[in-house]
Amino acid sequence: MKNRAGRFISYLFLIISSIISVFPFYWMFVISTNTTAAANKFPPKIIPGDQFFANLQNAWENADFITALFNTLIVAGTITISQLFFCSLAAFALARLQFKGRNFVFMLIVSTLLLPPASPIPLYIIVSKFDWINSLYAVVIPFLVGAFGVFLMKQFIETAIHPELIESAKMDGARNFQTYYRIVLPILKPGLATLAIITFMAIWNDFVWPSIVLKDQSVQTLQLAVRGLQNAYNRDTALIVTGAFITTLPLLAIFIPFSRQFISGLTEGSVKG
Amino acid sequence: MEAHTKQSKKPKFKYGSQAKKDALSGYLYVAPFFILFLSFGIFPIFYNLYISLFSWKLFGAEPEFIGLQNYIWLLTDDPTFIKSVVNTFSIWIISTIPQLFIALVLAYVLNQAFVKMKDLFRMAIFMPFITSILAVTIIFNSLFSRDFGLINFILGTEGLDWKNNRFLAHFAIATMVNWRWIGYNTIIYMAGLQTIGKDLYEAATIDGANKVQQFFYITIPQLRPIILFTIIMSSIGGMSLFIEPLVFLDIRGGSANQGLTMFLYLYETAFGTKYNVGYSAAISWVMFVIIVMFALLNWFITTKVIKD
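Residue numbers (the working numbering), protein chains in the order written: chain A, 1 to 273; chain B, 1 to 308.
Just so you know, the hints here were simulated from the structure itself, not pulled from any lab data.
Small disclaimer: the values here were computed from a predicted structure and weren't measured.
Certain hints may be false.
Here are some chain A residues pointing at chain B (derived, C-beta under 8 Å) [to be verified]:
(1) 22
(2) 31
(3) 35
(4) 37
(5) 40
(6) 42
(7) 87
(8) 110
(9) 112
(10) 250
In silico lysine to aspartate or glutamate, EDC-like type, Cα no more than 20 Å apart, as pairs [to be verified]:
(11) A/41 - B/77
(12) B/118 - A/50
(13) B/21 - A/172
Beta carbons are placed, not taken as given, at the ideal position from N, Cα and C, and that holds for glycine.
When you get a sec, could you build the whole thing from the sequences and use the hints?
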């Protein structure tokens, strides 16, 4: 009897937590399918309406989403590919090749992970010295590599790739790069997928740094386009939320089918070791 | 591992040996990463220290060296900064403590053998983490609206002004933070729980300990390293909070700075209207010291409170 009550409470707790977690997504959907007039009523309307396409069209006319999408894909794509390659290559060297100073390099990288996020000011001054303001270089080049990427890839290599495997590849005459390319990369696939999603997600969602260095319409990213819908003159709730909703949808479309692999990949990398 | 290292040491000094090739490849493979990381990750940290010693305005006159003057102003003559420190700690307390506790309980419940559809619950709870902070804040803006907000409707508190009352604004911001991070911490704790041996729980059950006792006397002590990790990370994250108040209120954290956090103050000083990067850099170093001290304090308290 007592046990049954415990189970009931456990399920109740899980269900309430899940509803609270998912509800704001539903709310985004509700507002983006209603008019602002409906959103500005008390009590608020809590069922979806039929205004989605009207809101979408309105958002489309108020921001250049095509350019923004194109820019975002270039930025996020370049950074993701670069991080996968450079971080896994460096992690392979740090995990499985012997050379002087590798422990120092790794310690340096990990210690920056534990530091509070650095101020954007020095980076802004550096980037403006290179004359990259209002250019996608400003949002791509500083993020081509990342400390977290190396840390995560090193964790994966250490758990998934035994030193014996590398040793035997060398006995068979493989050079180091061949070992990395033919043996490490294929085994590392789940880790690479996790890093790819994290990196892509972070770049896709970022708007503070882009808003500092990208002022022109022609270089704006998706989050900047959404932010632009919410200006001092515009209090059009349905419009802004529709913008936020359509930039969230692609991430949900990636996340939901792969959530299981992604979540376990993320925890494996961050907790082990 | 030991044996392997010893073996590969033997042929180290032969010309063109594997050891030499390994070292050369090692440097080559780390180099591109390291050069980029040094230029855009490490150098800016020190460059920031240099900037903080100047009276330096973006788009203004030439920077002028003023030594520690920015720090002196900041620490002795800036009530706005003090206010931002108080706000930051206030929001941190009402976000981190419930956040980590709820995550821990959720992870514990989700880890029970009888729970079905674990994947579905995990996915639902983790979903907030993948959303952009911008979208999150826009939605909570609507939910916490004074005149048309769903929260006021549900609570029956018509006309409650979540933005302009200092404590309510902190509460609203903390809610956004909690919503976004509870799932993430739950997942981290779940991974930790899987490393705890079942025999500990079995022995406790035989000794007559109930589930609540098991949670406090077995789960929490066993998870200590992971709890420490999440406390340190959420101290750093919470102390650096600024996007939520920036979007929920404005760049000054509201008309009376009621939601101005340290990082937001830093941001406003540099990119708001003053473009005072020298002063802003000084704020970031003071902030840095506060965060490190606070993280160490948390670490100390946690290790004292949770004993094996």
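Here is what the structure says about each hint:
no., hint, in the structure
1, 22, "holds, 5 Å"
2, 31, "holds, 6 Å"
3, 35, "violated, 13 Å"
4, 37, "violated, 10 Å"
5, 40, "holds, 5 Å"
6, 42, "holds, 5 Å"
7, 87, "holds, 7 Å"
8, 110, "violated, 12 Å"
9, 112, "holds, 6 Å"
10, 250, "violated, 11 Å"
11, A/41 - B/77, "violated, 46 Å"
12, B/118 - A/50, "violated, 34 Å"
13, B/21 - A/172, "holds, 15 Å"
The earlier numbered hints that this structure contradicts are 3, 4, 8, 10, 11, 12.
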